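Engineer: Residue numbers (my numbering), protein chains in the order written: chain A, 1 to 699; chain B, 1 to 174.
The hints are simulated quantities; they were obtained by calculation from the structure and are not laboratory data. What you are looking at is a predicted structure, and each value in this text was computed from that prediction instead of being measured. Even glycine gets a Cβ: it sits at the ideal position worked out from N, Cα and C. Mixed in with the good hints there might be a few duds.
Okay, the calculated beta carbon distance ranges per label pair [as the list claims (entries may be wrong)]:
| id | chain 1 | residue 1 | chain 2 | residue 2 | range |
| --- | --- | --- | --- | --- | --- |
| 1 | B | 60 | A | 652 | 17 to 25 Å |
| 2 | B | 120 | A | 699 | 40 to 48 Å |
| 3 | B | 38 | A | 524 | 21 to 29 Å |
| 4 | A | 363 | B | 115 | 31 to 39 Å |
| 5 | A | 600 | B | 115 | 32 to 40 Å |
| 6 | A | 587 | B | 120 | 35 to 43 Å |
| 7 | A | 435 | B | 161 | 44 to 52 Å |
| 8 | A | 527 | B | 115 | 53 to 61 Å |
| 9 | A | 528 | B | 120 | 57 to 65 Å |
| 10 | A | 448 | B | 120 | 32 to 40 Å |
| 11 | B | 77 | A | 520 | 45 to 53 Å |
| 12 | A | 138 | B | 115 | 20 to 28 Å |
| 13 | A | 575 | B | 118 | 19 to 27 Å |
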Amino acid sequence: MSSQNEHLYTLKAGIAAWRRILFLLLIIVPTVFCSGYMAYLLPHQGSTTLELVVLILFTILFVWISMGFWTAVVGFFVLLRRVNRFSLPDLPSMDLAASASHPRTAILMPICNEDPSRVFAGMGAVYKSLEALGRREYFDFFILSDTGDPDTWIDEEWCWYKLCHLLNGFQKLFYRRRRINRKRKSGNIADFCRRWGHNYRYMIVLDADSIMTGSTLVRMVEIMEQNYSVGILQTVPKGVGRDSLIARLQQFTNNIYGPMFAAGLHFWQLGDAHFWGHNAIIRIKPFMEHCDLPRLSGKPPLGGEILSHDFVEAALMRRAGWAVWLAYNLEGSYEEMPPTLLDDLKRDRRWCQGNLQHLRLLFIKGLCPAHRAMFLNGAMAYLTALFWLLFLIICTIEAVYHELVTPAYFTETISLFPDWPVWRPERSMALLFITIIILFLPKPLAFLLHVLRKGSARSMGGAFKLMLSILTEILLSALFAPVRMLFNSKFVLLTLMGKQVGWGAQSRQETGTPWRVAISFHWGSTVLGLVWGIATFIINRTFFWWITPVLTGLILAIPLSVLTSRSSIGRAFRARGLLVIPEELNPPPELEWIRSIQQKLGELDVSLGVREPNGFVRAVVEPFVNELHIRLAGTRRAPSFKIGKRRQALQDKALLKGPGSLTPSEKIELLYDPERMAALHKAVWELPDRSLAATWGLG
Amino acid sequence: MSMSISPSSVDTENPRRQQEPPLPVQQSPAESWDITQERLLRYLKCLNVPPGKEQLTLALESLARMGAEGGQQDITPAAVESLRALLKASGLPLMSDGHSKLYSMGLFKQGLDGLKSTPPLNRGHMLPVKFDQLPEWMSTESYLTTVITQLRPLLIPLLILFNILLLVGLFFWL
């Protein structure tokens with residue numbers, strides 16, 4: 001370890017403790033004060049059961065929003081000050097090419113039933129970026145597939161070949177599909193480590209929709225080389241590349257507030273940071289030694305395979321003595337946002353289950369307190385939604401109860417004074433004001449930060465447009481918040497009730513949400529909002545006005561979901577200079593390359609003659625695709641008599657009834673057998689019957 | 001380059017395949033020739049052979065090599081087999097550089113022999129770490145699931161009761 005980095009490491013431990021004590025004080029002191037004030041505002045000062053529950057929920061929620069607030073405020077000052085002695089990307093750069101042994105790095109992209117052309121184009125763009133930098137030779141590129149859909153599998157193989165052909169990337173761009181996707185993404189990466197991990201010092205993990213520039217990748221390797229104690233270095237990916245309104249909203253949020261929150265997180269966490277599963281560099285050796293995850297005891301959803309593996313891997317890496325750092329100011333790291341509210345909610349459901357699983361890992365021996373807090377924090381991200389809903393329900397019950405039931409002034413116990421409930425709604429304005437400050441102050445701070453930074457506001461459409469964009473974001477986020485609260489509460493309850501979620505592919509297509517689908521998902525929110533609103537309006541009008549923001553979001557859930565999923569509306573906002581991000585005005589070449597490579601990959605398919613271009617049919621019919629699949633399948637041991645017989649029956653079924661008669665698992669079984677695929681290819685082309693041949697696209 | 005796997009050998013090695021009844025075909029000789037012509041040209045199109053003279057020449061040559069008699073019922077399989085044999089003899093369908101003009105996209109100029117999509121294995125191992133996680137009786141899964149499962153049958157009656165109370169409340173209020 002170099003002296004400079006050793007100094008950084010020893011310095012860190014003491015300072016981190018002080019910073020975290022400060023963080024706790026900043027949260028606890030105002031929370032105690034505000035909770036006490038809340039008790040004072042309640043009619044019985046928190047002495048009834050209902051009020052006590054309200055008070056407890058208020059305290060938990062206040063802690064939660066305070067954490068975000070103080071992280072943002074600290075992040076603001078960190079970014080304002082600019083100089084940060086703990087910022088790893090700010091260390092002087094080194095010339096890797098001049099070093100005696102340049103480390104080998106693998107760039108991994110684990111995928112599962114994604115759009116192959118987008119995935120391979122993304123990897124192609126990363127490849128080109130490194131090539132343009134003259135550093136491509138130090139990196140190898142792996143697309144690790146867990147795809148279970150036979151058509152997508154064949155498309156992936158074909159795209160891999162086309163991309164290698166296009167970039168002359170044979171022996172540099174690799175593709176592997178696992179037969180059994182045990183432990184999902186973490187298992188896929190572990191499988192890579194077992195097979196080829198010894199060939200590399202580092203691996204950089206990308207998501208199917210993420211992309212990083214060549215200079216960022218090289219800089220990450222340099223940082224790892226300079227800091228031998230770092231096990232994982234996580235970048236903060238920016239949202240880019242989407243057109244739908246909700247995705248553009250998230251891209252904007254991500255761009256404007258993201259850096260501030262990330263800098264704040266870095267301030268508290270230092271070397272005990274998050275790993276978010278992608279856009280990060282990992283030191284392979286310690287990862288292989290310490291980060292293979294076991295199954296949790298018990299059944300899913302809270303037992304079984306660990307779903308949100310990344311947090312756990314970071315905690316294990318740290319437990320083994322390796323630091324995990326957040327490179328909050330390293331640019332050139334991007335990802336795409338879910339295109340619709342429903343896609344976003346589906347992703348939330350998966351994360352909810354994964355994060356709730358972490359509650360079981362809170363007390364593992366040897367974990368550093370910061371990572372225990374992170375587990376709790378991850379679970380709280382979803383539990384707070386349920387707490388907020390409960391808080392609103394109990395407040396409603398309390399408000400209705402006090403309107404309908406005459407208070408009992410004289411109780412059975414002997415007392416000199418009557419039990420006189422006192423409402424102090426006028427004084428609640430002070431508490432409301434504090435809450436509004438906590439919730440909304442980070443937004444003007446972010447605005448200020450961009451205005452103060454030279455050229456920053458201009459890169460987002462100018463100061464005035466930026467302000468309008470922030471106001472738009474506040475309005476839309478306020479409308480989305482109750483819908484998310486309701487769904488996240490549902491996800492928490494479903495998970496606790498033992499309902500497991502699938503881990504299928506995330507939709508990355510911007511096709512928009514049809515009205516029918518939105519109604520089927522959101523009708524409950526609308527009905528709840530209407531009933532809640534009408535009841536409170538009739539019974540307790542003052543309370544009705546208090547909860548109007550929540551009711552508005554619930555009632556408008558359906559149109560909100562549909563309209564914000566539309567690319568046309570997102571583009572209209574962009575045309576007016578709203579929610580603009582720097583990458584839209586001045587896109588980096590890597591984002592342009594994705595589109596151009598995707599287009600070129602598509603052009604290579606134009607002249608192929610099969611009418612139904614689904615993957616399995618192409619693998620059977622098209623000579624190139626068939627040959628490629630057979631080659632990639634390699635030589636296999638002859639199947640047993642039983643398996644051979646079963647496959648022969650499948651082959652006959654396919655010939656007699658066409659490809660539509662095969663189920664996906666039957667197609668996969670045939671695809672695993674290169675000999676059957678060769679035989680099928682021959683037999684299909686020789687089919688004398690026109691109608692049968694038509695089922696294979698040869699009519 | 002020739003294909004390493006011969007489909008015909010696969011079929012002949014499997015006795016069950018030979019026992020299969022032939023597919024029902026009831027076509028006139030003229031129709032058979034139509035299908036054959038269509039199939040040959042489509043096969044060549046799939047190989048990106050440019051339409052026109054080159055496609056037709058190859059198709060004609062394969063028919064000439066087949067030496068089939070006109071009007072034969074199973075003309076299509078024989079013609080396709082003949083075309084494949086012709087292509088194989090001339091280095092197709094996986095062409096060498098000398099025949100690259102047949103491939104407008106330029107794909108498959110190089111042979112697929114030895115093509116691998118993964119590097120050679122360099123085996124290592126990863127052993128799952130052992131967690132001293134919360135015992136099941138203490139875990140959230142255990143007690144929360146139990147409580148919620150027990151409350152589940154009560155959920156609908158509770159909702160109905162809540163609605164009734166709401167209506168009663170409204171009635172008295174109004």
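Engineer: Between residue 448 of chain A and residue 120 of chain B, is the Cβ distance one that fits in 32 to 40 Å?
Structural biologist: About 56 Å separates the Cβ atoms of residue 448 of chain A and residue 120 of chain B, which means 32 to 40 Å is violated.
Engineer: Check the following: the C-beta atoms of residue 363 of chain A and residue 115 of chain B are separated by a distance inside 31 to 39 Å.
Structural biologist: This hint is violated: roughly 51 Å between Cβ atoms.
Engineer: Go ahead and decide if the range 40 to 48 Å is satisfied by the Cβ distance of residue 120 of chain B to residue 699 of chain A.
Structural biologist: Check passed, 44 Å falls within 40 to 48 Å.
Engineer: Assuming the hint says 21 to 29 Å, is it satisfied by the Cβ distance from residue 38 of chain B to residue 524 of chain A or not?
Structural biologist: 55 Å, violated
Engineer: Okay, residue 600 of chain A versus residue 115 of chain B on CB: inside 32 to 40 Å?
Structural biologist: Distance hint for residue 600 of chain A, residue 115 of chain B is violated at roughly 21 Å.
Engineer: Starting from the hint 44 to 52 Å, judge whether the C-beta atoms of residue 435 of chain A and residue 161 of chain B obey it.
Structural biologist: 33 Å, violated
Engineer: Is 19 to 27 Å right for how far apart the beta carbons of residue 575 of chain A and residue 118 of chain B are?
Structural biologist: At 46 Å between Cβs, range violated.
Engineer: Please check whether residue 138 of chain A and residue 115 of chain B have a Cβ separation lying inside 20 to 28 Å.
Structural biologist: 24 Å, holds
Engineer: For the hint 35 to 43 Å, verify it against the beta carbon of residue 587 of chain A and that of residue 120 of chain B.
Structural biologist: Given range 35 to 43 Å: holds, Cβ gap about 39 Å.
Engineer: Could you tell me whether the CB distance from residue 77 of chain B to residue 520 of chain A stays inside 45 to 53 Å?
Structural biologist: 51 Å, holds
Engineer: Is it true that the C-beta distance of residue 527 of chain A to residue 115 of chain B lies inside 53 to 61 Å, as the hint says?
Structural biologist: 58 Å, holds
Engineer: Should the hint that residue 528 of chain A and residue 120 of chain B are 57 to 65 Å apart at their CB atoms be regarded as holding?
Structural biologist: Distance hint for residue 528 of chain A, residue 120 of chain B holds at roughly 59 Å.
Violated hints, in rising order: 1, 3, 4, 5, 7, 10, 13; the structure is consistent with all others.
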